[in-house]
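In order, the protein sequence lines correspond to chains A and R. Residue numbering for the first sequence follows this note's numbering, beginning at 1 and increasing consecutively. Residue numbering for the second sequence follows this note's numbering, beginning at 219 and increasing consecutively.
Read the hints as simulated data drawn from the structure, not as lab findings. Keep in mind the model is a prediction, meaning the values are calculated, not measured. No residue lacks a Cβ here, since even glycine has one placed at the ideal position from N, Cα and C. You may find that some hints are simply not true.
[To be verified] So these bits of chain R aren't anywhere near chain A, every CB distance computed over 10 Å:
| hint | residue |
| --- | --- |
| 1 | Asp237 |
| 2 | Gly254 |
| 3 | Arg260 |
| 4 | Ser285 |
| 5 | Ser354 |
| 6 | Arg397 |
| 7 | Leu405 |
| 8 | Gly414 |
| 9 | Thr462 |
| 10 | Glu466 |
[Stated by the list, open to error] 25 Å max Cα-Cα, derived SDA-like pairs, lysine to any residue:
| hint | chain 1 | residue 1 | chain 2 | residue 2 |
| --- | --- | --- | --- | --- |
| 11 | R | Lys407 | A | Ser55 |
| 12 | A | Lys196 | A | Pro156 |
| 13 | A | Lys36 | R | Lys407 |
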Amino acid sequence: MDTSSLASTLLHRGAEADLSLATVGSWRVVVKRRVKKDYRNPSLDEQIRHDRTISEASRIHEAKTGGARVPSIVGMDLENNAIVMTHIAGTVARECLDELSPKESRKLLRSVGAQIGLLHTAGIVHGDLTTSNVIVSPPGAPFIVDFGMSHRSVEPEDRGVDLHLLQRSIVASHSQDSSSMMNATIRGYEKTAGKKIATSTWQKAREIARRGRYFAIR
Amino acid sequence: MCLGIESTAHTFGASLVDDRDRIVTNVNSTYRPPVGVGIHPRKASEHLASVADSIVKTALSTKDGSSIDPDVIAYAAGPGLGPCLRIGATVGRALSSFLKRPLVPVHHGVAHLDIAMSITKAHDPLAVLVSGGHTSILVHVGKRWRVYGETQDITLGNLLDMFAREAKLPSPGGLSVSREATKGENLIKLPYTVKGNDVAYSGLLTAAATSLRRQGNLADLCFSLQETAFSMLSEAVERSLVQTRRSEVLLAGGVAASQRLRQMIGSVAEDHGASFHPVPIEYSGDCGAQIACSGRLAYESGITVSTSDSFVTPRWRMDEVDVPWIPRA
């Protein structure tokens with residue numbers, strides 16, 4: 001579908017894409033358009049935007065099939081490197097996490113963990129799992145959005161990156177106690193992914209965290 | 219007046235910074251390995267030891283030849299190569315006990331950021347530290363720098379140095395690669411690995427080196443290596459900037475001397491309405507001034523060490539150091 005003529009209002013400027021709000025039929029939709037990056041070489045830029053647009057739509061669709069709470073694909077506009085998907089009303093977890101009580105945050109993180117477990121069992125890793133990519137949409141469980149860096153994998157290494165990134169975003173952006181937040185996440189994760197996968201993924205996540213430079217003990 | 223002594227890897231430097239954060243003297247000598255060879259820790263440390271005496275003397279003399287008595291002695295305590303670190307630490311200890319002045323241990327990476335922030339007047343930036351020892355994206359939260367993104371394997375400096383060595387280009391590798399890159403035109407497809415806010419460069423190095431051995435065009439390879447490696451980092455920086463919402467982007471460390479990287483990170487900052495603070499090229503590489511600058515700030519925050527506890531720490535992460543002087547006034 002052609003999104004260039006669609007009347008839309010800018011919702012959010014992300015790192016690699018602009019999100020705008022529009023209406024298609026009776027759907028409230030979000031148009032995610034990957035914008036040209038001036039810092040990148042033009043041919044490298046075009047290739048990255050094209051590949052990621054297609055891969056993102058495919059992964060979102062697979063996640064849906066796997067039972068995870070993600071947006072639904074309404075259409076594609078490959079000329080403009082754009083995806084049209086249903087709009088999720090709610091608050092970004094990054095915004096609301098610090099206002100929740102410790103108990104409420106643990107509950108939220110448990111549901112987030114369960115959603116990650118569903119993605120991983122469906123053979124998908126998110127690749128950019130931070131509190132900015134979780135939308136809290138009461139009364140139900142949270143939605144996971146932004147599959148721009150996602151890919152197909154069942155490797156503990158790739159699954160570990162997801163938990164590692166989530167943990168780091170909690171440490172760097174939130175005042176909540178990160179270890180109890182992660183414990184809650186893993187409990188939720190275990191419910192949908194099973195004990196075995198949960199153990200190997202978390203072990204890998206801790207290993208990845210230690211891979212950074214200059215750790216005294218490896 | 220704070221005397222700073224740098225000797226973490228290939229450079230021995232000594233510098234004086236005054237109480238108003240001005241660099242009074244900055245004298246450095248860098249060990250250059252032969253073409254095609256990396257830094258040998260012992261040979262580097264021998265070079266540092268042989269120049270230490272005259273570098274410190276020059277750094278402590280005024281233009282008219284009289285000598286300055288520093289109030290504080292700061293030394294680079296890590297991270298770095300053990301044999302090299304020990305040279306600077308020995309000089310620092312000796313001066314501290316002879317002149318009866320307090321001794322301040324400095325983290326070399328924190329110092330890269332401190333001097334960049336002092337000169338470019340940054341307050342509380344998203345910091346991008348790119349050198350042979352670090353490739354990290356950091357924000358200051360509470361008392362410490364927090365690592366928001368980093369390399370999962372080799373640093374950007376390692377990547378450029380190792381490729382340059384493979385291509386028999388002279389040290390510093392970053393400069394040689396960028397010179398060749400200006401002659402390149404064709405973008406060769408190389409592995410582009412961004413994992414969230416992290417990057418991984420080892421696959422890129424292997425692919426570029428393999429292509430070179432198969433008679434790939436050197437200029438095109440240097441061009442493609444730079445474009446791919448810098449784009450990866452720029453993407454991770456952009457992602458981190460959007461998440462942390464800082465209004466300043468600081469670029470520091472040896473690889474910050476690269477014009478192409480400055481252009482790319484500057485463009486990311488501009489796109490998101492943040493001011494761009496690249497360290498001046500003369501202070502991007504390892505130098506005494508960074509240690510003096512950071513040591514002065516640490517001393518003002520009450521950080522000193524007794525001679526008997528003045529160890530060196532070859533492995534020392536940025537997020538393990540208390541840095542209470544940020545945000546800067």
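Verification of the supplied hints:
1. Asp237: Holds, because the least Cβ-Cβ distance between Asp237/R and chain A comes to about 31 Å, which exceeds 10 Å.
2. Gly254: holds (25 Å)
3. Arg260: Fine: 21 Å to the nearest Cβ keeps Arg260/R off the interface.
4. Ser285: holds (36 Å)
5. Ser354: violated (7 Å)
6. Arg397: holds (18 Å)
7. Leu405: The claim is violated: Leu405/R sits with its nearest Cβ about 5 Å from chain A, within 10 Å.
8. Gly414: About 4 Å separates Gly414/R from the closest Cβ of chain A, which leaves it inside 10 Å; violated.
9. Thr462: violated (7 Å)
10. Glu466: Non-interface label stands for Glu466/R: nearest chain A Cβ at 17 Å, farther than 10 Å.
11. Lys407/R x Ser55/A: Given pair Lys407/R, Ser55/A holds - Cα atoms ~19 Å apart, limit 25 Å.
12. Lys196/A x Pro156/A: OK: Lys196/A and Pro156/A at ~11 Å, within 25 Å.
13. Lys36/A x Lys407/R: Cα-Cα ~19 Å, so holds.
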